[in-house]
Amino acid sequence: MGHPLSSRRNVHETALMLEKSLGRPPRVLVTKIGLDGHDRGSRLVAGFLRDAGMEVIYTAPWQAIETVVNQAMEEDVDAIGISSLATDHLLMPKLMVAMRAAELHDVIVVVGGIIPDDEVDMLRESGVAEIFHPGASREEIVTKLSNLILERRVN
Amino acid sequence: MSDDAESPPMDFNRAKSQWQSEYDHTIMRSDLRRNRSGIEVKPIYTPEDWDSSRYMEDLGFPGQAPWARGIYPSMHRGRTWTQRQLIGLATPEEYNKRMLKIIDAGATALSIIPCNSVYRGYDIDEVDPVLLGTCGTTINTVDDLDMCLNSVPIEKTSIALNDPSPFTLLAFLLGVANRRSIAWDKLTGTSNQSDFLSHFVSNHMFFRLALDGARRVFVDHVSFANKYVPNWNPVSVVGQHMQQSGATPAEAMAFTLCTAVQYTEDCIARGMQPNEFLPRFTFFFDISISFFEEIAKFRAGRRIWAKIVENRFGVKDKRSQRFKFHAQTSGVDLTRQQPLNNIARVSAQAIAGILGGLQSMHTDGYDEVLSTPTEEAAKIAVATQNILRDEAHLVDVIDPLAGSFYVETLTNEMEEKIVDVMRVVEDAGGMFEAVGTGLVQGMIGKSAVEFQRRIDESEQVVVGVNKYLEDDDAGVVSLPRPAESVMQGQLDRLRTFKAARSKVAVDRALDRLAFASINEQENIFEHIVSGVESGLTNGEICGKLRDEMGFGNPLVAA
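As given, the protein sequences belong to chains E and F, one line each in that order.
Per the numbering used here, numbering of the first sequence is gapless, rising by one per residue and ending at 155.
Per the numbering used here, numbering of the second sequence is gapless, rising by one per residue and ending at 1558.
Isolated chain F (complex conformation):
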């Protein structure tokens, strides 16, 4: 033993070839592994793959170019992340009760999910009552949002509105602020779901207006928010939908960045200055259970976005280059079989997100694959974040995986892969064109089929699905459906609201919307905001714009 300690270290190449032969002897078969993005993953990484002479080129320091190590100098040492759990409950009153409890527990941010009827642009008196409030809150009017936010200090609470184009919920929020004499510049939060391209591609639930109309309303809403609601983030570019519908992590990042480029160009074309609107761009991603791949995806994405902002748009300002993102653990990875196992999956996904440097997170309830999450499952999901943040010492060191031969190599390889996919989209004329022709949808569909094949053929293990099966068809408690009487009360309130309005003012507001939708000089969102002041409902605003600009329908191809 003491002989070994005194002998000089072995030469790199000799040691490596010795290891290689020992490794081959143990494995004795071809053992090619690829991650979800198709990158081959070797059994070991060494300074031959990445060495610290590349430190400044690849990494630098947090809050500095090339941004791999995080967007703020103090990262999670300074401020960890916003716990932004999505909540949607049947009626505004019920939502408000649940929300106040969460605020009492210390939450400073909230997220509002409307009912699917709201997402499709209908008021509750326009859809089958059996569906009302089963997935989210029925918000049709400024009164409804006011009730959701009753006793909530909206000037001190960051509010994420899951609010697709034409952004009626933001218009309602501005109306609530007016009622409470709160200046609009006190409002902070994000128009989640402002990314109509991702809705067109993969989350059609939010796709209310046809592509050209959605594009126009989007840009006008960014311009309006920049001018009048300066602390609001009007843009959330969403990779999550595309990854959930089957894009690989690299593809999802690439499509998201291409979308952000498209929005930047569209805003510039409308006469806006990139250094003014880019600081308000945010991103939203999926975190799958492919642990290192997700971490590398986020680190690479940060670098690429900053390069685009600087080189393509000529913006040197740091605030514009910062790649701020919210992330949600992947629901597709969760299993119906042995559902409590999902708590372990969510933990692994969340750790990847944390090590990837996120700013905001939603962890899924373990029962999301069974039903709309129950309160108990939502509590465990929040506790998971608390445990990871406060117990596990994950946030003591900034970007703790930096310098790992594997993680740095993978980050570089993911970057290359992402840039390759971006080139395909660029060559097709950019994201708007590439989704209009179905190019992007085709790529995502192919990846979804390939991933399913790997599971069906057991190349990718899923515990409880294709390995370690158990007979577990025991029933699981799910969230009770809202009582019919509760929704009847809500329908009555809507009727009363509509009856109390000035018919003349409503008609005039609808006419102004129609006029603005065909007149490019007008900022259409301004007319939505003033329409809400005249009492327009979500269904009326969406309905009018749908008549003028066309209904949002996806490309049908399978």
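Isolated chain E, as found in the complex:
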């Protein structure tokens, strides 16, 4: 877990490095699809990412898959974070198909929330780049997401 100050510094350094490589702050869409509206997680994560210097586009829950894809295109985001508490992650394969159909291959998609262990492989196979479970720290989320964006967008 590390010392609090050092963990805060890590978060900033990672995000700064990413901003430098991109030549602009990274842009992330944070949203929820499906039927559930529990949004403590998405609000918190949106706050973490914003504090780390990212530009966050935040929406109400219950977005349709087409809306998410369109918004990702219009806002030209580097990544999409989908929050799921009550089984809405089961729609992820459909979102990933729609992302590919829209040729958004270089947009990272991550999922956070209550994801049963035996459904993790299904998400990964559909193209989800990372899954954050309850207890994931701010440092872990910012660092992993930054590295994923860096890998796909810059390299």
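Note that these hints are calculated values from the structure, not bench results.
Fair warning: this is a prediction, and the values are worked out from it, not measured in the lab.
Be aware that a few hints might be false.
Derived coverage of chain E by chain F (criterion: at least 3 residues anywhere in the stretch with Cβ under 8 Å from a Cβ of chain F; other residues may be distant) [stated by the list, open to error]: (1) 37-46; (2) 58-70; (3) 87-100; (4) 116-130; (5) 133-141.
From the three backbone atoms N, C-alpha and C, an ideal C-beta is built for every residue, glycine too.
Please build the complex by placing chain F on the supplied structure of chain E, with the hints as guidance.
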């Protein structure tokens, strides 16, 4: 040794200063501690903080003002609490099977959780089938509820319907009672999730109608229930959602009480008498693992509500002043890491709820942070309650922590804190205004961020998350998803149900709903109940009201 026994007791102040210097010598650093509500907690409490001369002023006796010691004279000695485990399974048939088992095991109360599609106000033919029945039961019609309750003696079973505005499940239940020739006054239970303000603020899943429409339907449903279903509790004011979304315990209690004040005023404005509807108000809270803070929260909440009812609304009747509450152990405190540890957490939370004087409880399954709870986890959760009630001697003495210098001081301090937060809301024009502008959401968001910061920076230990870590990424069994064929059968049943109705009657019922929604003279819930008699489904009722009154969308701010 014998010398010590014979010497007179030391003077309070001398003893205290001696203790203080010994304490400082041992600790040797600043050791400021605060609870989740931000109240500083000292290392020791003495009669300087609270003494028994305040007994009648602060405590009194159970079943009497100022209500700190409990709402009934016999409290858990007389009747412990209702074990109300939430159950939601894919189809009405499966729900019914599970429910009958639980009734056989002695349960006298049940709780029905519909599928998220139902919560959003859609029938199952309107949503992606992959989501159906994954979190709750697909109840779209009066037939579906009838099947859920097949062989269940509804006239003898207290039924909690997780049924947000516009209360279609209650309308279905009244329809089932009609079919079985059971008089409505035999029905007991609660419209859980009737609190649309808490849904707007934090549990948007249940927020089906825009604020003004939800407010209108809520009041009409209270009025209808009071008149025709007199043993039903139409109001459950929910602090649980707000605490789960990040409010501190004091904030959650304050917002809940402000909400209850708002509903009382709204019902009065619609011409209802507070001494008639207040006895049917109930509350629903979260129990976090901050043990003493939760106990103090409940004791303080009881006192404040009774004062509001008496002083603000002028109601002296005891039934109206009683702060009846259901509580659920906090899911946010559970961890994915080392999941069996959650059984210990739930036990501690449940004890706090019991010592806080609850009337009804749901204990979380240890796997709730991993998936929808499995049957095994649900069994352990029920057993936890049985052990605490029957083995641990927690219920022998009423309000056993009363008189503790710490607990009484903390209860008083929590009361002050709660009243302070209530004042902020009142100054903003009351709860309806304060959620419309986002004031309440802002306060909750700030507290959520602060709590997460404390965990991330290890100020607040969470075992397995920021201390005592283990490499435990072994897979855990989760509840199987409902088979596609099962849901296909349910879709077929819905189609058959719809086809068998009189189209004329359905259209007329929908027109009446539309008319009632723009005509303030009408009780809109009456038209929902009669619409169900004409065969309207949950999706049709919600859809029509949504068209007329606007869709429930939360404020978007992060």
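Would you say the segment 37-46 of chain E counts as covered by chain F, given the rule of at least 3 residues with C-beta under 8 Å? holds (count 8)
Whether chain F covers the segment 133-141 of chain E (at least 3 residues having a Cβ closer than 8 Å to its Cβ atoms): Holds: 6 residues of the segment 133-141 of chain E have a Cβ under 8 Å from chain F.
Do three or more residues from the segment 58-70 of chain E put their C-beta atoms closer than 8 Å to C-beta atoms of chain F? With 5 residues in contact (Cβ-Cβ under 8 Å with chain F), the coverage given for the segment 58-70 of chain E holds.
State whether the coverage of the segment 87-100 of chain E by chain F holds or is violated, taking the criterion as 3 or more residues with Cβ-Cβ distances under 8 Å. holds (count 5)
Coverage criterion applied to the segment 116-130 of chain E (partner chain F; beta-carbon cut 8 Å; 3 residues): holds (count 4)
Going down the numbered hints, you'll see the structure goes against none, and every one checks out.
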